[in-house]
Amino acid sequence: MTSSFSNLHLAEPLARAVADMGYESMTPIQAQAIPVVLTGKDVMGAAQTGTGKTAAFSLPLLQRLMRHENASASPARHPVRALVLLPTRELADQVAQQIALYAKHTKLRSTVVFGGMDMKPQTAELKKGVEVLVATPGRLLDHIEAKNAVLNQVEYVVLDEADRMLDIGFLPDLQRILSYLPKQRTTLLFSATFSPEIKRLANSYLQDPVTIEVARPNETASTVEQRFYSVSDDDKRYAIRSILKQRDIRQAFIFSNSKLGCSRLTRALERDGLRAAALHGDKSQDERLKALEAFKAGEVDLLVCTDVAARGLDIKDVPAVFNYDVPFNAEDYVHRIGRTGRAGASGLAVTLVTSHDSRNVADIEKLTKKKIEVERCPMEDFRPPRTSRPGHGEGERRRERDGYSAAAYGHRPSRMAQRANNADPFFDKPYEPSSAAEPASWESQRAAAVKSVSPSIRPKRKIAALFKAPVASS
DNA sequence: AAAAAAC
Numbered sequence: 001m002t003s004s005f006s007n008l009h010l011a012e013p014l015a016r017a018v019a020d021m022g023y024e025s026m027t028p029i030q031a032q033a034i035p036v037v038l039t040g041k042d043v044m045g046a047a048q049t050g051t052g053k054t055a056a057f058s059l060p061l062l063q064r065l066m067r068h069e070n071a072s073a074s075p076a077r078h079p080v081r082a083l084v085l086l087p088t089r090e091l092a093d094q095v096a097q098q099i100a101l102y103a104k105h106t107k108l109r110s111t112v113v114f115g116g117m118d119m120k121p122q123t124a125e126l127k128k129g130v131e132v133l134v135a136t137p138g139r140l141l142d143h144i145e146a147k148n149a150v151l152n153q154v155e156y157v158v159l160d161e162a163d164r165m166l167d168i169g170f171l172p173d174l175q176r177i178l179s180y181l182p183k184q185r186t187t188l189l190f191s192a193t194f195s196p197e198i199k200r201l202a203n204s205y206l207q208d209p210v211t212i213e214v215a216r217p218n219e220t221a222s223t224v225e226q227r228f229y230s231v232s233d234d235d236k237r238y239a240i241r242s243i244l245k246q247r248d249i250r251q252a253f254i255f256s257n258s259k260l261g262c263s264r265l266t267r268a269l270e271r272d273g274l275r276a277a278a279l280h281g282d283k284s285q286d287e288r289l290k291a292l293e294a295f296k297a298g299e300v301d302l303l304v305c306t307d308v309a310a311r312g313l314d315i316k317d318v319p320a321v322f323n324y325d326v327p328f329n330a331e332d333y334v335h336r337i338g339r340t341g342r343a344g345a346s347g348l349a350v351t352l353v354t355s356h357d358s359r360n361v362a363d364i365e366k367l368t369k370k371k372i373e374v375e376r377c378p379m380e381d382f383r384p385p386r387t388s389r390p391g392h393g394e395g396e397r398r399r400e401r402d403g404y405s406a407a408a409y410g411h412r413p414s415r416m417a418q419r420a421n422n423a424d425p426f427f428d429k430p431y432e433p434s435s436a437a438e439p440a441s442w443e444s445q446r447a448a449a450v451k452s453v454s455p456s457i458r459p460k461r462k463i464a465a466l467f468k469a470p471v472a473s474s
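First residue of the first sequence? That's 1 in UniProt numbering, and the numbers climb one at a time after it.
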């Protein structure tokens, strides 16, 4: 076939590194991007997750840097010539390791700097001089301001997970970093997802770019089986345990929308006797790296994480991803489920859906252009009987197992029954697929909510929250 | 509604 690395005529040290790693044929993004990057043009590249984007930009980048590689030990003779920026520390670490492998037979030097670690060893590496610098934005700015890193000779800048790097949270730092770089340079942007707005913004950073799209942007990998299960908040953890058991799955990523939720879920799963570790931004860097390593080594089965782990992390053979919470951004859904089904392997992505997630589910459907069926969750009964409460007989146990059904009891639930059952008529009702093609407007959702909620059983502040307009997004 | 990235 034409898409073999041997047809690329990479410089011998790079070809040898590729052979060392056992790579033979290129993935589509590699086959398309490598020749373009070799020309030195600006690139905007979109490809599905897990298809080898790192090699797609780093191999041709190294090849171009090799034209003037330099064996001298002086930092002045080793200016930073290529800068690779990433949105999380773990990702910077991973990409740096990969680049070091590709460059190992060349004379090119590379290093990585990110926060949460001692500055000194990073400074020492920078002072020795590196051609390729991999970094997260905050720490890089620290090094720039401390004059540890001089970027006025950068020829190539890569924004990996580019849409995240360009979003509002990162943009100020990114702008400052870019202001230290020469105007005359090559800029490469890569991601699996690009929204139209980000695409427009991205184009303002590129000169006469070549756009490479090997798949429809935002497309999910066909190797991932996607399931959406309707559950109540209280049953989420039991749902996960049921599915793990039924599918005979040992390892999985479990995504939570908040750091607190992530920690709580981890503790609860540990109490259930499962081997879980938490990974989120409130953990020390040491704990973060340990959690990741333990998961990679198979010492931990469930990596419970926030979206810090949604993008780019490449761990072999992770069979499943659970969305304990439906992500706020549909783009994050695409990235999260991209942690499984990598490099052509098969994977399972299970999203747990409650009644207040309709809108986000609709957004996912719209973004991925894939019809979503919300199914009944296949649950084994992991729910513990709550015998500690007084007055518990067969009826209560059945109710807790099957959920409260007014029909089954032939009457309307009393307020007390509702509280005892943790039933919340609006927030805890399992998700019901709506026949409406378009997501309901916020106003109509509010109207429906107000109608369905009797003020007498709702605390006042929750009602007030329902009336509060959402903050304008943009 | 949250998370991430600097101390």
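Calculated directly from the structure, the hints in this document are not laboratory data.
The beta-carbon is built from N, C-alpha and C at its ideal position, and this holds for glycine as well.
Treat the hints loosely; a few may be bogus.
Said to hold, decoys possible - With a straight-line Cα cutoff of 30 Å, these simulated DSSO-like cross-link-like pairs (lysine-lysine) come out: (1) K245 x K199; (2) K316 x K296; (3) K127 x K147; (4) K147 x K128; (5) K104 x K296; (6) K120 x K369; (7) K296 x K183; (8) K183 x K259.
As the list claims (entries may be wrong) - Have a look at the derived ranges for each label pair, beta carbon to beta carbon: (9) A345 x K120: 14 to 22 Å; (10) M119 x L260: 27 to 35 Å; (11) A268 x E225: 21 to 29 Å; (12) K147 x K370: 15 to 23 Å.
The hints, checked one at a time:
Of the pairs offered as hints, the one joining K245 and K199 is violated, with about 42 Å between alpha carbons and a cut-off of 30 Å exceeded. With a C-alpha separation of about 8 Å, the suggested pairing of K316 with K296 holds against the 30 Å cut-off. A hinted pair counts as satisfied when its Cα atoms are at most 30 Å apart, and K127 with K147 qualifies at roughly 10 Å. Among the hinted pairs, K147 with K128 is consistent with the structure: their alpha-carbon atoms are about 13 Å apart, no more than 30 Å.
Simply put, K104 and K296 have alpha-carbon atoms about 23 Å apart, close enough for the 30 Å limit, and the pair holds. Simply put, K120 and K369 have alpha-carbon atoms about 48 Å apart, too far for the 30 Å limit, and the pair is violated. At roughly 40 Å between alpha-carbon atoms, K296 and K183 are farther apart than 30 Å, so this suggested pair is violated. Proximity of K183 to K259 is assessed by CA-CA distance (about 39 Å); at most 30 Å being required, the pair is judged violated.
At about 40 Å, the beta-carbon gap between A345 and K120 misses the expected band of 14 to 22 Å. Taking the beta carbon of each, M119 and L260 are about 30 Å apart, inside 27 to 35 Å as hinted. With their beta carbons about 26 Å apart, A268 and E225 fall inside the hinted range of 21 to 29 Å. For the pair K147 and K370, the supplied restraint of 15 to 23 Å is violated, since their beta-carbon distance comes to about 50 Å.
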